[in-house]
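S.K.: For the record, the sequence lines run as chains X and D.
Position in the first sequence (first residue = 1) + 35 = our numbering.
Position in the second sequence (first residue = 1) + 35 = our numbering.
Hints should not be assumed to be uniformly reliable.
As the list claims (entries may be wrong) - Covered stretches of chain X, going by a simulated chain D footprint (3 or more residues, C-beta under 8 Å): (1) 122-133; (2) 142-150; (3) 168-179.
Unchecked claim - Calculated cross-link-like contacts (lysine to aspartate or glutamate; reagent style EDC-like; alpha-carbon spacing at most 16 Å): (4) X:Lys203 with X:Asp173; (5) D:Lys56 with X:Glu197; (6) D:Lys203 with X:Glu145.
These aren't lab readings, by the way, just hints derived from the structure by calculation.
Only a predicted model underlies this, so the values are computations on that prediction, with no experimental measurement involved.
Ideal Cβ positions, reconstructed from N, Cα and C, are used throughout, including at glycine.
Chain by chain, the residues:
2 protein chains.
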Amino acid sequence: MTNDFKITIHMVSSLDGMIAKKDNSISWFETSDHYENGIELTEEQTKEFLKTIDCYIMGSATYEHALELSKSYGWAYGEVPTIVLSHRKLPVDKKNIEIYSGDLYKLVREQLRPRFKNVWLVGGPTIVKEFIRLKLVDEIRLSILPIILGDGLPFFNQIEQEHLLHLKETRTYKSGMVELCYEIKK
Amino acid sequence: MTNDFKITIHMVSSLDGMIAKKDNSISWFETSDHYENGIELTEEQTKEFLKTIDCYIMGSATYEHALELSKSYGWAYGEVPTIVLSHRKLPVDKKNIEIYSGDLYKLVREQLRPRFKNVWLVGGPTIVKEFIRLKLVDEIRLSILPIILGDGLPFFNQIEQEHLLHLKETRTYKSGMVELCYEIKK
Numbered sequence: 036m037t038n039d040f041k042i043t044i045h046m047v048s049s050l051d052g053m054i055a056k057k058d059n060s061i062s063w064f065e066t067s068d069h070y071e072n073g074i075e076l077t078e079e080q081t082k083e084f085l086k087t088i089d090c091y092i093m094g095s096a097t098y099e100h101a102l103e104l105s106k107s108y109g110w111a112y113g114e115v116p117t118i119v120l121s122h123r124k125l126p127v128d129k130k131n132i133e134i135y136s137g138d139l140y141k142l143v144r145e146q147l148r149p150r151f152k153n154v155w156l157v158g159g160p161t162i163v164k165e166f167i168r169l170k171l172v173d174e175i176r177l178s179i180l181p182i183i184l185g186d187g188l189p190f191f192n193q194i195e196q197e198h199l200l201h202l203k204e205t206r207t208y209k210s211g212m213v214e215l216c217y218e219i220k221k
Numbered sequence: 036m037t038n039d040f041k042i043t044i045h046m047v048s049s050l051d052g053m054i055a056k057k058d059n060s061i062s063w064f065e066t067s068d069h070y071e072n073g074i075e076l077t078e079e080q081t082k083e084f085l086k087t088i089d090c091y092i093m094g095s096a097t098y099e100h101a102l103e104l105s106k107s108y109g110w111a112y113g114e115v116p117t118i119v120l121s122h123r124k125l126p127v128d129k130k131n132i133e134i135y136s137g138d139l140y141k142l143v144r145e146q147l148r149p150r151f152k153n154v155w156l157v158g159g160p161t162i163v164k165e166f167i168r169l170k171l172v173d174e175i176r177l178s179i180l181p182i183i184l185g186d187g188l189p190f191f192n193q194i195e196q197e198h199l200l201h202l203k204e205t206r207t208y209k210s211g212m213v214e215l216c217y218e219i220k221k
């Protein structure tokens, strides 16, 4: 039964591995590239795919950034249960958002495994690093956009551990985005 | 005529963007992964491809590392003209190797363009950064191996400039390596 449970790290980065600009602006996500042989998902397909995710996990900075963006674009994670890892008291204005501070093994064992199947960890680098180091991650899904940002927040904080990966899937989109999906070997 | 001339950056990196381990060991290049839907080049195809490269450029640390490796595996760049960028006096024991120190625009204009068509810049990060910042690079070809190294030498030193890219090609190999080829928009 527990074999159905999976934690996936998902991030969108520039070719030079940045996931955010220093000023936190997000217009770089809209690339102007066109890759003829790429695929394109319909809104319907994207919706169907997103439906398979039944929990999001994020760090406090990612949460605060998402809150900020929600003022202009709405809350990006919909009604899906979302767990924010933080020791701070953060504003919460939705029933599906919980703040958690404590042992991550315990979080996974007692809160995630019994309730969810397809958990997505959406950043930032500190949380990504902790989860990888504790070997709590099953998959990494990295979407690389056709841009060099030059500076900003790097996706991979030095993990300080070696991990072998298994390439599961690659997808190339008409927008020039390349999606790489890896399993972390255990 | 000069439109035929191209400078390509080529690097092999881990998923976390490292191109070398701290101890400089290279066994991680031999991945144990297997990606069923990937392609595989024959030795013949690889040879044919390498023949199209008519000049290599590298920094002094990359050169010294290649020299070190040549003791065990032979000189990796064959008889192809190779220019090492360095202010230091470095040992040179092959006729096809030159040391250059000076203006990079001048190098490209006076030495590379008149003599070569397909120049490959093979590292390291300092040289990569300088060439990108001076807008002397036409293409970036990044081969990502299925591994997280955790620390080491990062491919992209903070470039401190934004560059839009155009995705030209992606290839996925049976070994789990993914090759991404981008044009730097000018």
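S.K.: Run every hint past the structure and note whether it holds.
M.R.: Outcome of the hint check:
| no. | hint | in the structure |
| --- | --- | --- |
| 1 | 122-133 | violated (count 0) |
| 2 | 142-150 | violated (count 0) |
| 3 | 168-179 | holds (count 3) |
| 4 | X:Lys203 with X:Asp173 | holds (12 Å) |
| 5 | D:Lys56 with X:Glu197 | holds (10 Å) |
| 6 | D:Lys203 with X:Glu145 | violated (46 Å) |
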